[in-house]
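J.: Sequence:
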Amino acid sequence: MAYLKGALLLSVTLAAGVVIGVSYERYRTPAHNAASVAPHDVMSHFTRELGLDSAQQRAIAAIFARRQEAVDSTWHTLQPHVREALHLTLQEIVPVLRPDQLAKYRQMVHARHPGVLP
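Residue numbers (the working numbering): 758 to 875.
Treat the hints as calculated values from the structure; they're not laboratory data. Heads up, some of the hints might be wrong.
[Said to hold, decoys possible] Computed spacing ranges between beta-carbons, pair by pair:
(1) Arg840 - Ile820: 43 to 49 Å
(2) Ala816 - Gly872: 40 to 46 Å
(3) Val853 - Gln813: 27 to 33 Å
(4) Met758 - Arg823: 38 to 44 Å
(5) Asp810 - Leu854: 44 to 50 Å
(6) Arg869 - Arg824: 24 to 30 Å
(7) Val873 - Trp832: 15 to 21 Å
(8) Ala822 - Lys861: 39 to 45 Å
(9) Pro852 - Gln825: 18 to 24 Å
(10) Asp810 - His833: 29 to 35 Å
(11) Ala868 - His833: 23 to 29 Å
(12) Thr834 - Leu859: 33 to 39 Å
(13) Gln814 - Pro852: 34 to 40 Å
(14) Asp810 - Leu845: 29 to 35 Å
For each residue, glycine too, the CB sits at the ideal point set by N, CA and C.
Working from the sequences, and respecting the hints, build out all of it.
T.: Here is the structure:
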């Protein structure tokens, strides 16, 4: 039971982070695809932002490769819970919005999460 509570707490926290992160990235840099988390994209970002040399790039790429299976396994386990928490969060926002905001919100959500809102 404690495991389920912990997993649920982690899922809700992750979902909230995703919502906040996507919103922030969308408004901060509209041309950037915030959903892109492929190792190659992360490496490009790290290289650009941190100025990694080629030895550092190889070492970090090896770390990503070594850890990718664990990341994938964890994500596949958590994804349904994260998705449900995210969808519930997005739906819960609807009654807070004014009618003029609701149309825009539905467009925003539909662009990223088709079928979530009625």
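J.: If a hint holds in the structure, say so; if it does not, say that too.
T.: Status of the hints after comparison with the structure:
Evaluation of the 43 to 49 Å hint for Arg840 and Ile820 yields a failure: the beta carbon distance comes to about 27 Å. Separation of Ala816 from Gly872 is about 42 Å and conforms to the stated range, judged on CB atoms against 40 to 46 Å. Between Val853 and Gln813 the C-beta distance comes to about 45 Å, which lies outside the given range of 27 to 33 Å. Take Met758 and Arg823: their Cβ atoms lie about 33 Å apart, and the range 38 to 44 Å is violated.
Checking the proposed 44 to 50 Å range against Asp810 and Leu854 shows it holds: the Cβ atoms sit about 48 Å from each other. At about 27 Å, the beta-carbon gap between Arg869 and Arg824 stays in the expected band of 24 to 30 Å. Judged by the Cβ atoms, the range 15 to 21 Å given for Val873 and Trp832 holds: they are separated by roughly 19 Å. Separation of Ala822 from Lys861 is about 41 Å and conforms to the stated range, judged on CB atoms against 39 to 45 Å.
Between Pro852 and Gln825 the Cβ separation comes to about 40 Å, which falls outside the hinted range of 18 to 24 Å. Against the hinted window of 29 to 35 Å, the Cβ-Cβ separation of Asp810 and His833 comes to about 34 Å, which satisfies the hint. One distance hint, 23 to 29 Å for the beta-carbon pair Ala868 and His833, holds here, with the actual separation near 25 Å. Checked against the hint of 33 to 39 Å, the C-beta distance between Thr834 and Leu859 comes to roughly 34 Å, which is consistent with it.
In this structure the hint that Gln814 and Pro852 lie 34 to 40 Å apart at CB is violated, the actual value being about 48 Å. Against the hinted window of 29 to 35 Å, the Cβ-Cβ separation of Asp810 and Leu845 comes to about 45 Å, which falls outside the hint.
The structure is inconsistent with the numbered hints 1, 3, 4, 9, 13, 14, although it conforms to all the rest.
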